[in-house]
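Undergrad: The hints should help you fit chains A, S and Z with the ligands onto chain G, whose structure is shown.
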Amino acid sequence: MSEKIRINDMVVRFANVNGTGSSSSNEIFSKAVFRMGIPVSPKNIFPSNIQGLPTWYEVRISGKGYLGRRDDIDILVGINPQSMEKDIASVRSNGYFIYDNTRQLHDDMIREDIHMIGIPMMQLSIDHYEVPRLQQLFKNIIYIGALATLINLDLDVVKAIISEQFEKKPKLIPPNHKALDLGANWVKENLNYPLDVRLEHSNATGDKIMMDGNAATGLGAVYAGATVLSWYPITPSTSVAKNFETFAKKYRVDPETGQNNFAIIQAEDELAAFGMAMGANWNGARAFTATSGAGISLMNEFIGLAYFAEVPMVLVNVQRGGPSTGMPTRTQQSDLLPCAYASHGDTKHVLLLPATPTECFDFMADAFDLADQLQTVVFLLSDLDLGMNIHMTEPLSWDDARKFNKGKVLNKEELDAVEDYGRFKDVDGDGIGYRVIPGTHPSKGAFLSRGTSHDPYGVYTEDGVVHAGEIDRLIRKFNTAKELVPQPEFYQKENQGKHAIVFFGTTTYAALEAMDILEQNGEPIDAMRLRAFPFSNIVKDFIDAHDTIYVIEQNRDAQCRSLLMIELGIDPTKLKSILNYDGMPITADAILKQLQQHLHDYDGLQPPDHRQNGSSHSLKTTLL
Amino acid sequence: MSEKIRINDMVVRFANVNGTGSSSSNEIFSKAVFRMGIPVSPKNIFPSNIQGLPTWYEVRISGKGYLGRRDDIDILVGINPQSMEKDIASVRSNGYFIYDNTRQLHDDMIREDIHMIGIPMMQLSIDHYEVPRLQQLFKNIIYIGALATLINLDLDVVKAIISEQFEKKPKLIPPNHKALDLGANWVKENLNYPLDVRLEHSNATGDKIMMDGNAATGLGAVYAGATVLSWYPITPSTSVAKNFETFAKKYRVDPETGQNNFAIIQAEDELAAFGMAMGANWNGARAFTATSGAGISLMNEFIGLAYFAEVPMVLVNVQRGGPSTGMPTRTQQSDLLPCAYASHGDTKHVLLLPATPTECFDFMADAFDLADQLQTVVFLLSDLDLGMNIHMTEPLSWDDARKFNKGKVLNKEELDAVEDYGRFKDVDGDGIGYRVIPGTHPSKGAFLSRGTSHDPYGVYTEDGVVHAGEIDRLIRKFNTAKELVPQPEFYQKENQGKHAIVFFGTTTYAALEAMDILEQNGEPIDAMRLRAFPFSNIVKDFIDAHDTIYVIEQNRDAQCRSLLMIELGIDPTKLKSILNYDGMPITADAILKQLQQHLHDYDGLQPPDHRQNGSSHSLKTTLL
Amino acid sequence: MSYIKPTFRHPSSTKNEAGFYRADYEGKISTLCAGCGHDSINASIVAACYEMNIEPHKVVKLSGIGCSSKAPAYYLDNSHGFNTVHGRMPSVATGANMANKDLTYLGVSGDGDSASIGIGQFVHVSRRNLNMVYIMMNNGCYGLTKGQDSATADVGSLSKSGSTNQFSPIDMVGLALELGATFVARSFSGDKTQLVPLIKAAMSHPGFAFIDVISPCVTFNNNKGSTKSYDFVRDHIEATSEFDFVPVKEEIAVEYAAGSQKTVTLHDGSHIQLSKLNPDWDPTDRSSALDKLQKAKTAGEILTGLLYIDPESDDLHSMLRTTDTPLNELSQDVLCPGSKILEEVNAGLR
Amino acid sequence: MSYIKPTFRHPSSTKNEAGFYRADYEGKISTLCAGCGHDSINASIVAACYEMNIEPHKVVKLSGIGCSSKAPAYYLDNSHGFNTVHGRMPSVATGANMANKDLTYLGVSGDGDSASIGIGQFVHVSRRNLNMVYIMMNNGCYGLTKGQDSATADVGSLSKSGSTNQFSPIDMVGLALELGATFVARSFSGDKTQLVPLIKAAMSHPGFAFIDVISPCVTFNNNKGSTKSYDFVRDHIEATSEFDFVPVKEEIAVEYAAGSQKTVTLHDGSHIQLSKLNPDWDPTDRSSALDKLQKAKTAGEILTGLLYIDPESDDLHSMLRTTDTPLNELSQDVLCPGSKILEEVNAGLR
Ligand SMILES: Cc1ncc(C[n+]2csc(CCOP(=O)(O)OP(=O)(O)O)c2C)c(N)n1
Ligand SMILES: Cc1ncc(C[n+]2csc(CCOP(=O)(O)OP(=O)(O)O)c2C)c(N)n1
Ligand code: SF4
Ligand code: SF4
Ligand SMILES: [Mg+2]
Ligand SMILES: [Mg+2]
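So the protein lines, in turn, are chains G, A, S and Z.
Sequential numbering from 1 applies to the first sequence in the UniProt record's numbering.
Sequential numbering from 1 applies to the second sequence in the UniProt record's numbering.
Sequential numbering from 1 applies to the third sequence in the UniProt record's numbering.
Sequential numbering from 1 applies to the fourth sequence in the UniProt record's numbering.
So here's chain G without its partners, still in its complex pose (with noise of 0.2 Å):
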């Protein structure tokens, strides 16, 4: 039952129950393994479901910089009775399984083929503090202490962390700190330590740092001058609220009034939220909201109101897993298609496609420039994985000398310049009329925005061939969008064969891992990294050099490959496959997996039967 010893390569897994405060102190744990130089990747898999429920948090710790998820859990930590019979089951043979021996576990429980370390860390923790809740919390701290000791981590690492984050609650700093060393100290003197798998200090985090997609995302609002938010609370977008909140308070508060340079209003529902944003954006400001789920759905009729009357729009979606209510807490990127094209009618829409939360930050800054150049409806599609765990991701940056693009708005020096101003006049032949902001001339350029068809001058029209004009403009105006948008990314200097994976967003982890090994073992693949739709030329070129692409995407439906069929009028069978849509985030594993079972047999047509994370998921094969 030992192996050799494995440095700064493992899973750990935390089975709590939720309410009990699990979450804070086991992301006290992810940032100190972060601190200590060694990359890490966390991911909090929450019930839907505020105290009482099982919840897991996975943190992935590879040395070689690999940050998806990996199926074999290495350590569980393992604190809830209700999972407790599968959570033992799910460790790797060998692996580790450390629970609360305050109460003795049931025999059956026994698993021959891994450790299993009882801890008493309720006794610890009744026996060092009084209120009962406190009792609570600090066993959660405990814990923490004795898996440190027993992996290496660094206590005075922890210890540092704590210390920051009670910076403004000092009296809570040292019963943590003592809680720590409890449990730290009862490893020490009762069990061997360092187990097999362990840490050491290491560099290979650089400058990074470690964020959640939401917070970046929110930022990257405060940082395009967005002004305006109105939002409705679902999960997991509600955070980007919140982020966007925090930091307006802390960046965009009049300091001499005491007054807000932004104002945020809780919308009554998504339709409402989405009204409000656009009217803001319609009238000048920048202006967003940000949902999941069925809030897109609600949103639909206004989102086609925004791209036909022309009207900026930032609409943040961080996806979950549907359909309809579906698992709210849980990861997917099953929203591209209902995103590109929603609303009735013939409607196309722009959408960023972040894979960090960097580029969290980066896109939701190009979003408000690219709706006010395109005057169109700008999704960031992020995911609960993206938005809601951290990432070590590349620190953030800003070009000071940067200008926010406002697109083509006329002044009044300017309109009074102009001898036939029409709204949607298509004067540059990009398919963009200019705007003109209200009250900005006592005499010219206003006009009634609506939904109802219209005339290049925004009147009322019932002529049928007028309507499909505009209509042929506004495809127009999306072919510009093309070349606007964040181009792909590649990883290699040029192609090498005829196979190619394809990705976007968190996917990219697991596929950029999953490329390591092909490399390793001699067969590397060429792989493009989409970044937005609709899809540039350079998308078509490199699909086209190859015979065979991998469209690997978290849904059912290969939704991202239908979107390149449809608009580049890719050959089906050379789209191939590769999906999860089980609400976790894909592993490298499932990704080779899946391309293994392609170059076999493959029809071309429906997805391969396995499409869900795991080994041990045992799903029965569907006939689809």
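Treat the hints with care, since some could be wrong.
[Unchecked claim] With a cut-off of at most 27 Å between alpha-carbon atoms, the simulated DSS-like pairs for lysine-lysine come out as follows:
(1) G/LYS403 to S/LYS340
(2) S/LYS262 to S/LYS192
(3) A/LYS574 to G/LYS540
[Unchecked claim] Sample of chain A residues lacking proximity to chain S, with all beta carbon distances greater than 12 Å (derived):
(4) ASP207
(5) LEU271
(6) LYS406
(7) ASN521
Calculated from the structure, these hints are not laboratory results.
Backbone N, C-alpha and C define an ideal beta-carbon position, used for all residues, glycine too.
TA: Just chains A, S and Z with the ligands, lined up with the frame of chain G:
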């Protein structure tokens, strides 16, 4: 300026002001032509307005039975000064412009290459009727009388129709007959008649009927046993609800108690309309809603719920011109993709695509069976042209031996016999579980329907693999649907060539006419009419059997073509588009012209330039 | 037949204090039915803006969808406007107002637009006390979709489709009062003497100002008529089951003194009973307003006038403490924290 | 930590008149926070149904989305239910009810679900007088999304995110009264002596019966606490800016006599003032109810009890004159006019 005599082959267009009572008299005209045994196809081209704006009523009369539009107008009855200039311009060379010369026509208006026929319509009316509002009403009948004489429309037939129409208000008959005679006699006394384009009694209408699609849809729902209708007014679907109400009041009131065997609720909006109908279906009644345009967008959240909670639901979408509020009184087929994949997350829905009022009736009845069998949302995708215009169509028929197919529903006894009931257990391998209607059994079979993830028993789960298994089952169910839905229609005994056209719904008339012309030219083309989504293997086989497929549809984005690619994996380069989206029904001419263009210079990706009807439409070439 | 309908162009060509002619406040020629109450309201809006000396381009016009919501096209052609979607005007108005607190926001809506699909936004915009004028052109029916009952239609009224309305009407004035709206009034479309000052007062009110304006629909109003010739037309319509004939009618104008009552005969011969608040009515007492309203209802009267105003009204901007400069005018310097701050942020995340 | 929480299984094992044990009315083990007011209401629902001798399968449970809307899982396991989407329960209830008038429709919702996103459906279901019980579990916040203010939150209350609510709360009881609802009541989650009879009365009422139940959220209630240890926890939460710790709390139970008042201390030490209607209160007078409500509000009291009932209430089915047989039981014979009629229809269309 004279040409050879043309019998039973003309396009007559009436140009009126809306709110003046013209459309009822124009409809009388159409019906009279039909009664003469001549195929006729009227289109009411009305504004989104109640009074005072231009409205047209265009009647295609074709002894050959062509029911599509044709562009060259032979006779224009121009009653509307607002549109007169355009109206005169729209008449084909050598055609006829008939106008009210009570006020003299301006010299500018006169076209030398057409016949300008002035008739003192208003003067005749003023001379014979006292009350101003009646003068206006009878003017409409006067011009029908005049026109009848000019083209040999049988005046007795017209009179008979009027007598029937006013059967319950007999005092209205004589003044209307008198008005007819006034017009007819004035022509007889003052003009040469008949014109070179004229009518002759025929027997080309067989046992056909004249009916609008929305009436047929409403009646279909009555026949299918729908008992609950919840709806919200919106053009052009409003008359589906109105007709259901009319028919239900006729056929569904208990003769003894006077009580209603139905319930109709005008909801507060489309969200509520959907929710009500869904709730009724969930509770074992047959229920539906009907909407258009924005209504579909607003229902997106609920559509996803019905999909994932697997509640039978019938949703009629009478499509209008999009995007947004768009052209609410014009026709398009631009909700195909938005309906097929409505709602966030991965969803797929069943669409029925009727082409005639008869099919509206049949498919509406089928829709309820399919919804119950498949336990999902079934869309009836009609459009304004089909729904609101009267069409010459096959008589309606109903097999009295037909039994409502309520799908898999367990009653108390069946439930007692089931060992381990689970709402979503796929015991038959077709992806469809067994429903239990509330109230069935005191202790078995109850479940809590939900939009959140659930296991096969309907119990809430956050296990992603279970969730993935359930949404895989939904794909299995969707595959089951393929063979249950109406199958495509073919027009050739066997395939004749490498090219084929594919169409559906209201492009059918024009497509058939185009085929006829091609056949006459010795270039017959294969054809398939799609009647439902998802597409069955028959659809794929037909496409596979041809090199090039021309997909004819009335939207900008070639939505049906997209569905064919996505669902059948057809190579996009093989699918070429013939499009029209100016809000008017497509013409055979437009189809032939685009076909011609394709044969020359089509790149396979984007639709060709000429995407609207009509040679006079000088739409500037867009840079797609 | 609106194209022969006289426009509102007033003979007077006097400039107002802001330097504008009355014509500068007018819009496109109306395409509403001749005699439609909504057009009378449009005229009052023009008059009020002219008299208020508002610069036309400092007004933002908003609406939803309906005959009433087409109105913004028919006044203030030099103002920007947004004809939004059905029932959602308030949210767009809210956002627009947030972007620029210095303009005047004038929303119009119908009773279908406000009391059915839009009731949620109505409730919440009034709760937020958004600084805007909200005129509901109330005809008890859905004009544009051809006469269905709206939620403000009276019990037992017969819509043109022949079915009797069974549901008790929503009194939007009562609702606004219950919701804490800070300016609540009612008037009649044809009563310009009352309506113009009300609109002016509403525009001056620093918060949400709601005016319910009874505005007869000449085409689809909900009561059986009585005049002979009208019956003939109705017979015609019933027989053809086409509502495609709209006889040309005249605007209904009324004038009556404060404190008095007035019976108004609608186009189809039916009557409504208007009752104007006394000149000495104290409009700052919400519960007496509710009470008075209740009593008028019981008496079958439609109470008109300014029922309630909160003189201390705090609008949404003051609740949110937004800066005095319109948000859409703030410069990048003020808005963007810049790269140095970002370095600090990064540092905090390591 | 609900899995160790006792269920509602009552020691009594007496059958009721319908032949069911109390346990037959229970549901799955609750996953709400320990001490959540919603669970107290669930217990009252179980009690009421048991005492009413309702057959469990003759009840349909409905809800929207929220902690409160999860409740149907925790009672009446032998009843069908529909956990719909956020704010749209009333429409689904309306349809279900139309399909089968013979079942009892019991809807629960939250204040977010009802007063924000769902206010439109609330207004209209009450206007239609749908025969259903509508219980709003009112905690003044959005529990499930972690404590944002709802539209019923009191002015000035501090939500856990730290911002002060500026908007005046919507009083759903006042609104329902203004809208003409036919049964309007309010209670407190922990007051079973009052709540159980109210639920029973509501179930007996042949129309829309609304009960606003104040139901403290132990986790995100909106007031600053005072007990020492609680402060410590709050500090902890503020510092980590994670609301992931929910101390286990006890249900708040209260009992007080009709006509009396009661101060209730919430979990965080803050207080609310309940005031129970007198036993001789006449609940058939809508305007005195409105008046009484207004006065209690001014006095800072939360009025509880059955404020108003219309004993002559006509529900939607009677307004629509639907047949006595549930629509979902009508046979094809009755529903389908058959081929002969169709021939007549065809004939009329030639
Ligand atoms: C989402 C949506 N549903 C339905 C419609 C159709 N529609 C247009 S106007 C209208 C009702 C208008 O009634 P009201 O607001 O009272 O205005 P009025 O025409 O009576 O002035 C409706 C239902 C629409 N445009 N959008
Ligand atoms: C359309 C939509 N928007 C937002 C959400 C997210 N959401 C879930 S519950 C909830 C609020 C619940 O508040 P309330 O109804 O008061 O219930 P409570 O949890 O307080 O009992 C929200 C906003 C959702 N599920 N659906
Ligand atoms: S239909 Fe009625 S509301 Fe609409 S314009 Fe005509 S009169 Fe006015
Ligand atoms: S968060 Fe509040 S409302 Fe939700 S279960 Fe917990 S205590 Fe109840
Ligand atoms: Mg109206
Ligand atoms: Mg709540």
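Undergrad: A separate judgement is required for each hint: does it hold in the structure or not?
TA: Each hint, compared with the structure:
1. A hinted pair counts as satisfied when its Cα atoms are at most 27 Å apart, and G/LYS403 with S/LYS340 qualifies at roughly 16 Å.
2. Of the pairs offered as hints, the one joining S/LYS262 and S/LYS192 holds, with about 14 Å between alpha carbons and a cut-off of 27 Å not exceeded.
3. Restraint check for A/LYS574 and G/LYS540: the C-alpha separation of about 18 Å stays at or below 27 Å, so the hint holds.
4. Every beta carbon of chain S lies more than 12 Å from that of A/ASP207, the smallest distance being close to 24 Å; the non-interface claim holds.
5. Separation of A/LEU271 from chain S is inadequate, the least Cβ-Cβ distance of about 9 Å not exceeding the 12 Å criterion.
6. With a least CB separation of 30 Å from chain S, A/LYS406 remains clear of the 12 Å interface cut-off, as annotated.
7. Listed as a non-interface residue, A/ASN521 keeps its Cβ farther than 12 Å from every Cβ of chain S; the least gap is roughly 42 Å.
The structure fails hint 5 only (numbered hints given earlier).
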